[in-house]
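> Sequence:
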Amino acid sequence: MASGNGSGPESERLERHRVLDRPRTSRSTPRGVVSVAYCLTVKGAEDVVNKAFAFELSTRDSTMYFVADTEKDKEDWINSIGRSIVQQSRSVTDSEVVDYNSQSR
1 MASGNGSGPE SERLERHRVL DRPRTSRSTP RGVVSVAYCL TVKGAEDVVN
51 KAFAFELSTR DSTMYFVADT EKDKEDWINS IGRSIVQQSR SVTDSEVVDY
101 NSQSR
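Position 70 of the sequence shown, counted from 1, bears residue number 70 in the numbering used here, the numbering being contiguous throughout.
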C-alpha cells in the first residue's frame with residue numbers, strides 16, 4: 001500500500017473522491033482507482049486476511065482488501081476513506097432533496 005512522505009493520506013490517497021492505490025515509490029502511477037461514489041463501507045480486516053494492518057473496502061459489487069505499512073497508516077486510510085464516503089453520500093442526498101413547497105400544485 002502506498003506510504004506517504006509526511007503529507008497525509010487525504011492529500012496523497014484521496015483525490016476528488018477517488019481512492020488511489022499507489023505503488024511504493026511516489027513517482028509511480030496509481031495501480032488502481034476506486035470512485036468513492038461506489039464505496040459502501042471501509043473497516044479493518046486483519047482477521048479476514050490474516051495480515052497485520054489489513055482493511056477492506058466494500059462496494060455493491062465487490063470487496064477489496066488492502067494492507068497498510070503500519071497501524072497508523074491503516075487507521076489513516078480507514079478514517080480518510082470513511083469521511084469521503086460520508087461526504088459523498090451527503091452530497092448525493094443534498095442533491096436529491098425536493099422542496100415540495102416550491103413545486104407547483
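Since the hints were made in silico from the structure, they are not lab data.
The structure displayed is predicted, hence computed values, not measured ones.
Be careful, since some hints might not be right.
Cβ pair distances, simulated, as ranges [unchecked claim]:
1) Asp69 - Ser89: 17 to 23 Å
2) Thr70 - Asp47: 16 to 22 Å
3) Ser89 - Ala52: 28 to 34 Å
Ideal placement from N, C-alpha and C gives every residue a C-beta, glycine not left out.
> Give a verdict on every hint.
So, going through the hints one by one against the coordinates:
1. Judged by the Cβ atoms, the range 17 to 23 Å given for Asp69 and Ser89 is violated: they are separated by roughly 29 Å.
2. For Thr70 and Asp47, the hinted distance range of 16 to 22 Å is satisfied, since their beta carbons lie about 18 Å from each other.
3. A C-beta distance of roughly 30 Å is found between Ser89 and Ala52, which places it inside the suggested range of 28 to 34 Å.
Hint check: a violation occurs at hint 1 only; the rest are consistent with the structure.
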